[in-house]
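What follows is the residue order along each chain.
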Amino acid sequence: MNSQESDKKELQIPQILNLDDDFSLIKRYIDGDEPAFKVLVLRHKERVRNIIYLTIGNVTGVDDIAQEVFITVFKNLKQFRFESQFSTWLYRITINKCKDHLRKVAVRNIFTGFKDSGSDESEPNYEMKTENKDISEFVQDAIKKLPSKLRIPLVLKDIEGFSYQEIAETVQCDLGTVKSRIFRARQGLKNILAPLEKELRL
Amino acid sequence: MKLNDTNLELLSAYLDGELSSKEASEVEEKLKNSLDLQNKLSELKKIKAYTKSAYKPIEENPYFETRLLASLYKPKSAWSKVKKLSPVFSIILLTVAVGLILKINPTMIKELFEQQKSNITGFYKENLRPLLYAANLTNEDIFNFAFYKRLPLDENDNKFLQIGFDPNGKQVFEIKNIDLGREANNLEKFAASLNLTPKQRAQVDSIIELYANDLQGQVLVNDKNCMAVSPNLWYYQKALASDLLAFAEKTNKDQFRRIIPSGYSFASNQTAPVILREINKAGNDNYIFFTPDSIFTEKYRFDKDKFEEAMKNFGEQMKNMRKEMKNFDVHIFIDSSLTKRRVSPLREKDFKVFIDTNLFRVEIENLNIPEIVLPDFDSLSIIIENSVRNYDDAFRNYTFYFPPDRDFNLKNRIERIDSSFLYNFKVTIPNVDSILRENKIRIDSVLKGKTFSFDSMKVFDFDSRFFHPDSSRAFYKYFLDDSGKPYFNNEQLREQMEMLRKEMEKFREEMRDLQKDLKKDIKETEKEVIEI
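Chains C and R are the protein sequences, given in the same order. Quick note on the numbering used here: the first sequence kicks off at 443 and runs consecutively. Quick note on the numbering used here: the second sequence kicks off at -1 and runs consecutively.
Extracted from the complex, chain R is given alone in its bound form:
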């Protein structure tokens, strides 16, 4: 049985004894076969036990029924009924009061709203500045506005104000992030396509600058995240476009004809002057305000002259400020009493602090670090390295020497034939000590450079200062024994030899015993010794 939820629910119900006998026996059957289920059951059991013992019964309340009966049979006072209805009364009262106030002063609410509104609009109208001033519009930008209906809203051209008309002919505008497919140098292309002379080109620029001046006041922003857009933008766009086209028609009719349907004349069309007249006449000074709270239209006059004056003043102020800055004297008062208090020979000389624009450095002086005289490790290590290499070379091809006449003669076997009690043995037992001795001597000679031409080892003057017992200890261990006499101390080999020696001794021992036994046997049985 798998541990799915249905099964586990069954298990939980089984634990509660809530299953029918048939279901219960089924579960029991499954339990027998599944360790998982058994674990789960014991887990559930524990949880059940914990739940069972978690709560102690609540303390009895002996006054409960008295209180209950008292409240049940208590005659309900009129006041308690009124009390129950109190929320209703208060709502009715409030309604009546509001009704009365409105009756007496019907415009109150409207005034309230108006006041609120003017508060809000006043708040957002504060400090509106032309956004396009900040965007630093070029003639190219204005030209794009005329023909592509978009104005950059910041210096990096990250955002655009795109104006246009929706399918129903209503004005719309959007604020867009960088839009792709935008062509650059449209004004240049325009001028080039019309073959404008420099003079005519200057005229185009002057037309554009004229509009640029007006456009500035059309989009305003302030520090409260509010943006105000004048609906006149649409008109300005149209006026500028028609003005530019009229100029184009005047200057180069042939080229102009290529782009504009024939028969259509902008020069005779008075669009631009008409629109401009309309704008100036209508007192069309509504702005659309976009604020974090809401969007609303509200009359607002952007006083361009005032703004320009303010900017001029600001510029002059800045200039003056700059002048003043030059003449600033900086006086830094240093409290000398404090320094006196701090004078202490130790502290004064402890640190030097340097502060630079990109550096903070503290120099520590008078730090008493004991000097340690260190040996010249570099020259030492070279010698050590060399000698290690030489040592390796010397022993890599070295074969240990066994005395030839004392070779192990393992060809000889000992056999015991149970039936006849015949023994045959002929073993030459090597003298291990002699082998060891032999090898030691040979190694000694190696080290002394007698057997091999072992020039490199001569570097080691064993009595020289390199073999102080405390210095390269691990190193000299290979060459000197405890008495300071050089010898080859190959631990592994020695251990092996030692073991071999012991085993041989044991073997010799056994052989001796065997020999004795055999002699006894031979004497007793007087049988022949046969060589195999």
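Next up, chain C with everything else stripped away, as it sits in the complex:
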């Protein structure tokens, strides 16, 4: 019991400390101050766009999905319960929109014969790849090849710098799962990058 209670406290403390301006902005918006929403958007849009970019792996769809995210936020903000951080809620919506998008792309690929799957098409000729790409592009390709289940926690952790707890809340799974998925993602990356071991000095 004791340990559980202390765990809870640990969880709750940062929330109280981090009671950022988001909450007051939301309150102002709910009270009828519409421009407050714009401030909220300005504050979070780049992070959201980056998360989308990392999650779907290319630039093209990013702004459309980000628009959808903020439209959803806009519609549901009045029902926002101040239980969790706004950012967590926002990122959860973002991730869900991204997943929807990836699902749509996958379905579309079934009908168009995987023409624009992007990551797979250049696989057979490694020679060409090594000539024209630098290391970060190899790593990007490798990350794209990971299943989204593993990719999302990995990029949230290593690129966006989320904590495991934040990832768990955003992706809506438990902490242990996050831990194992991140490890599996790294393992997967290692395996995908194995042919380039010399260049990467892994």
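Simulated from the structure, these hints should not be mistaken for laboratory data. Positions of the beta carbon are idealized from the N, C-alpha and C atoms, including for glycine. Take the hints with a grain of salt, since some may be wrong.
Stated by the list, open to error - Which chain C residues face chain R? A few, computed with CB under 10 Å, are given here: (1) Phe479; (2) Val581; (3) Gln582; (4) Leu617; (5) Ser622.
Given the structure of chain C, go ahead and fit chain R onto it with the hints provided.
Positioned in the frame of chain C, the structure of chain R alone reads:
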């Protein structure tokens, strides 16, 4: 700590700084003791670093919020709502349209299906030929059909059409690969068991042939992988069986009784005629079609007469063709202008090409290969071989000779007694040069056949043509020195001797020095020299 997944997950979380302090210190403890883990950690670190640096942040979009707010506060037009519903509308419209068409022309769909069906059946009905014609059925096969309900479907008896009835009495048939336990010569056995006379045997054959004729039209195939089977097969089977049994009963009642329960008479039983009448009367011209797409029953009349006529025509055509073939003149036009263009003295004579059914041979002419005059290696090699053998024999038992009076006297020792400064030495130093000289002379004599009776070596006439400096060089090296004089050049021995000589010289040198020293000492101390 082993490298299992749980541990590695912990390590990965440790790298991310996500472990509690207790867990972290545990991991650190384990890390100290395991090189594997340390390697793994550095590997994970590298991967993390790569991931971190893989993506640059996406370019900012300054118009984002403007666009967003515009779409948020834009009054939704009626048209956009309609647009959203457009898929629904189109589906409704389609449904209504189909409904209307059906209302006006209710049989349309059915007709459509019918048409499709007849298209398909027409497609498969084309060109149906009797399969059994191809299978070349023998009377034995037909007999087996009557009693074992199976018909071979191809000439090699690889596949069978087996007909029968399922437990509910419904007709079934199967196509089987070779089935085991099939007995051969059933017809012969049947005839033998009934003690048939040749005349009766001929009657049996005629009965069978009568049915065979009818059976032909019952299984049809064509080139579209379609097979059509007439359900009448079952009736024919029964009719034939009963007909044969009736005949058997008539000819040899006693034997027949042994196989058939008494009291049962096929002769009085009119099964066969009844069945045949039924078949002919019923207009029972349905066939079951097996196609790659589906199985269906469909009316089809196999016109046997027409088919036979066609086959006859075909046969005649073949005959005519064969006749024509005999009279074929083959004209092959050779473009002579081309050959003229190609004429060139070199090319014309270069190759000859022969083409046969199983041979393609090209003969090459006028190939200028310079001729090389080669020495007669065969005769040479025999002599070389012989001499090698002789050489070996000559030296195998040869002991090198040391002049007896100059033997090493190693029994003599030199001792130095530190306390008294006494020295004792008496060494005879061999003259190595003399040993070498001695041996050389002896070997020379061996080679000249003086010391040993060494007839075989006489084969070697050293002045003869075998010892040209360019020919068997390795060989003559053993026997001739640089001036062409024969001598024994055993490199190893010579080296050893050389080394020995040098060492002896050195030793002599040292001895001389020692002697001088000693003389000095003796003079100085004036002590006695004691012999040990």
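Okay, the hints, checked on the actual structure:
At a threshold of 10 Å, the smallest CB-CB gap from C/Phe479 to chain R is about 8 Å, leaving the interface hint in force. Using the Cβ-Cβ criterion of 10 Å, the hint placing C/Val581 at the interface with chain R is satisfied: the shortest such distance is roughly 4 Å. With 10 Å as the threshold, the beta carbon of C/Gln582 comes within range of chain R, its nearest partner Cβ sitting at about 5 Å, so the hint holds. A cut of 10 Å between beta carbons decides the hint on C/Leu617: the least distance to chain R is about 9 Å, and the hint holds.
A hinted interface residue such as C/Ser622 counts as satisfied when its beta carbon comes closer than 10 Å to some beta carbon of chain R; here the least separation is about 5 Å, so the hint holds.
Of the hints listed earlier, there is not a single one the structure fails to meet.
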